[in-house]
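Keeping their order, the protein sequence lines are chains A and B.
Numbered by the working numbering, the letters in the first sequence go through residues 2 to 252 in order.
Numbered by the working numbering, the letters in the second sequence go through residues 2 to 252 in order.
Simulated from the structure, these hints should not be mistaken for laboratory data.
Check each hint, because a few of them may be wrong.
The list makes no distinction among identical chains, and a pair is therefore deemed to hold if it is satisfied within one copy or across any two copies.
Once the Cα atoms are required to be at most 25 Å apart in a straight line, the calculated BS3-like pairs of lysine-lysine come out as [stated by the list, open to error]:
| no. | residue 1 | residue 2 |
| --- | --- | --- |
| 1 | 61 | 154 |
| 2 | 183 | 124 |
| 3 | 154 | 124 |
| 4 | 184 | 70 |
| 5 | 53 | 149 |
| 6 | 53 | 4 |
| 7 | 154 | 69 |
| 8 | 69 | 3 |
Model, not experiment: these values are computed from the prediction.
There are 2 protein chains.
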Amino acid sequence: MKKVNSDIAYEFIREKILNGKYPPGHALMTEVLSSEIGVSRTPVREALHRLKADGLVSIKAHLGASVKKMGVKEFREMCDLRLALEGHATGLAALNHSQTDLRRIKFALEAMRGLTERIVAAKSEEPLIDELRSEDVHFHVAIMTAAKNDLIKSEILRLHLINRLLFLPSTETEEQLSPVSKKDSDRNRLKVMESHDEIYEAIAKHDAPAAKRAMEHHIQDIIDKSLRAIAMSGEGGISRVLTDEELIYSG
Amino acid sequence: MKKVNSDIAYEFIREKILNGKYPPGHALMTEVLSSEIGVSRTPVREALHRLKADGLVSIKAHLGASVKKMGVKEFREMCDLRLALEGHATGLAALNHSQTDLRRIKFALEAMRGLTERIVAAKSEEPLIDELRSEDVHFHVAIMTAAKNDLIKSEILRLHLINRLLFLPSTETEEQLSPVSKKDSDRNRLKVMESHDEIYEAIAKHDAPAAKRAMEHHIQDIIDKSLRAIAMSGEGGISRVLTDEELIYSG
DNA sequence: TATTGGATGTTGTATTCAATAAGTTTGAGC
DNA sequence: GCTCAAACTTATTGAATACAACATCCAATA
C-alpha cells in the first residue's frame with residue numbers, strides 16, 4: 002500500500018494534535034501547513050477533512066480549520082456513547098473471545114498489577130506511569146479485539162482519541178502538576194485494578210451481563226473522575242485539564 | 002449558511018446513492034461526476050471523501066471510488082452496533098424525554114396504528130406502505146431526539162443510511178416483488194405495532210431498563226428478518242435484497 | 001461614533017501537470 | 001503459429017498551481 006501525500010499530511014497533523022503541539026482551538030491554515038509539511042495545499046485540505054471526520058478538527062466554510070475544542074455538553078455526550086459502546090463490546094468479548102484473546106487480556110492485566118504494586122510501593126511515581134498507562138491501553142484494546150466486531154472496535158478507538166484531546170500533556174511552560182496527592186492516586190490505582198479483575202473474571206467465565214456491568218461501572222468511574230477534573234479546571238469551553246494516568250487510551 | 006460547490010456535489014451523489022441510481026459497486030469517477038454535476042473535479046473529490054466517512058462510498062488510492070458494497074460480516078457488525086446504540090438511546094429517552102418529545106412519539110405511534118389497520122383491512126397494500134414507513138422513521142427519530150444526545154443520534158442515523166444501501170428500490174427492470182405473502186406481512190406489521198407500544202409505554206413510565214429491553218428486542222426482530230432475507234437472496238457479497246417496509250429508516 | 005469602502009489574507013474552485021494502473025500491441029522465444 | 005512478456009498507450013487518479021470568492025480588518029468620511 003503506497004502512501005500518498007494526503008496520508009503524509011494526515012499523519013503529520015494528527016500526530017501534532019495528539020501530542021498537544023497543536024492545542025485545542027489552534028488555527029490550522031492550509032498555506033502554513035503545506036509549507037511546513039512540504040506538500041501543496043490540496044492534500045492538506047484533504048487531510049483536514051479526514052481529521053474532521055475523525056472528530057479531531059472542526060472546519061467552517063470560508064473560515065478555516067482549527068483543532069477541535071470540546072464543550073461540556075459534547076463531552077458528556079461522548080462519555081455516554083463510550084459507556085454504551087464499550088459496555089456492549091465487553092459483553093461481546095465474554096461471548097466471543099478465543100483462548101488467545103483471553104491470554105492477551107490476562108497478560109496486560111498482570112503487567113498492570115506488577116506495575117501498580119511497584120508504583121504504590123515507590124516514593125515517586127514518575128517513571129512507571131507511562132508504562133502503566135500503556136498496559137491499561139493494552140488491556141482495553143485486548144478486550145475490544147476479543148469482542149470480534151471491528152466496526153465497534155474502531156468506533157471506540159476513535160472516541161478515545163477524541164477524549165485524549167482533553168487530557169493532553171501541557172505544551173506550555175507549566176508542567177502538568179498532579180493536583181491529587183500520591184495517596185489518592187494510589188487508592189485510585191488499586192480501585193482500577195479491582196475493576197479490571199472483575200471484568201476479566203466475568204469475561205473468562207463467559208458471563209456477558211456481568212462483564213458488561215463491570216465495564217460500565219469501570220468507565221463510569223473514569224467519567225466521574227474526568228468530570229470532576231473538568232469542573233475544577235475550567236468552566237464553559239473545556240480547553241485543557243490535568244492529565245491522569247487512569248484515563249485510559251492516553252498513552 | 003452558504004452552500005459551497007462541494008456541498009452541492011455531496012448532496013447530489015448522496016441522493017443518487019440512496020435512491021439506488023448508483024447501485025452498490027457502481028464506479029464513481031470524478032471526471033464523469035464533475036461534468037454531470039457541473040462543478041470541477043476538486044469539489045467532487047471532496048464530496049467522495051465525505052461520503053466515504055459516512056460509510057456510503059469506498060475509495061482505494063489510484064483506483065477510484067465506488068458505491069459501498071457490504072459483506073455479510075460487515076453487515077452483522079453493523080447490526081450489532083445499531084442494537085447497542087439504539088437500545089442505549091431508548092433507555093436515555095425514558096429518562097430524559099420532555100412532554101413534547103413524548104407527544105411526538107405518541108403521535109407517530111398513533112399514525113402508524115391507523116395506517117397499519119387500514120393496510121391490514123385493505124386488499125392491496127401498495128399506496129399506504131410509504132406512509133407507514135415514513136411514520137416508522139418518525140417514531141424512531143422522535144425517540145432518538147428524546148434521548149437528548151445528539152452525538153448518539155447522529156451516529157444512529159448514519160448507520161441507518163448505510164443500512165438502507167442493502168434495501169434499495171430496484172433500479173433494474175425487475176420490480177421489487179415482495180416474496181412474502183400479504184398475510185405474513187400483516188402479521189409482521191401487527192408485531193411491529195406491539196413492539197412499538199411496549200417501547201412507548203416504557204418510555205412514558207420513565208422505565209429505562211424496560212425501554213431499552215423493548216427496543217433491543219424490536220431491533221433484534223428487524224435484524225433477524227434482514228438476515229433471513231439476505232440468506233435467501235444472495236450469498237457472499239450482498240448486493241441487493243428485497244425491500245420490506247418494516248425495515249425502518251428506509252423511506 | 002457609526003458606516004462604508006477598500007486592502008489583505010485565507011479559503012474554495014478550476015485548471016494544468018504528474019504519477020499510477022490497466023489494457024493493448026509488439027516482438028522474441030519456443 | 002502460438003505463448004508469454006515487456007514496452008507502449010490510454011484512462012483516471014493525485015498533486016500543484018493559478019484564480020475567484022469570501023471574510024476580516026482598518027481607515028476615511030459623514
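How do residue 154 and residue 124 come out at 25 Å by Cα distance, when the copy is not named: within, between, both, or neither? neither (37 Å within a copy, 47 Å between copies)
State whether the alpha carbon distance between residue 53 and residue 4 is at most 25 Å within one copy, between copies, both, or neither. So residue 53 and residue 4 pass the 25 Å test inside a copy (20 Å) and across (18 Å) alike.
Intra/inter-copy verdict for residue 53 and residue 149 if alpha-carbon distance must be at most 25 Å: Between copies only: 23 Å across chains, 27 Å inside a chain, cut-off 25 Å.
Alpha-carbon proximity between residue 61 and residue 154, which holds within one copy, between copies, both or neither at 25 Å: between (29 Å within a copy, 22 Å between copies)
Go through the copies and call it for residue 184 and residue 70: within, between, both or neither, with a Cα cutoff of 25 Å. Classified as neither; 32 Å inside a copy, 54 Å across copies.
Under a CA distance limit of 25 Å, which applies to residue 69 and residue 3: within one copy, between copies, both, or neither? between (29 Å within a copy, 22 Å between copies)
Checking residue 154 and residue 69: alpha-carbon separation at most 25 Å within a copy, between copies, both or neither? both (22 Å within a copy, 20 Å between copies)
Could you figure out if residue 183 and residue 124 sit no more than 25 Å apart (CA to CA) within one copy, between two copies, both or neither? So residue 183 and residue 124 pass the 25 Å test inside one copy only (9 Å; across, 75 Å).
In this structure, the hints that do not hold are numbers 3, 4, in rising order.
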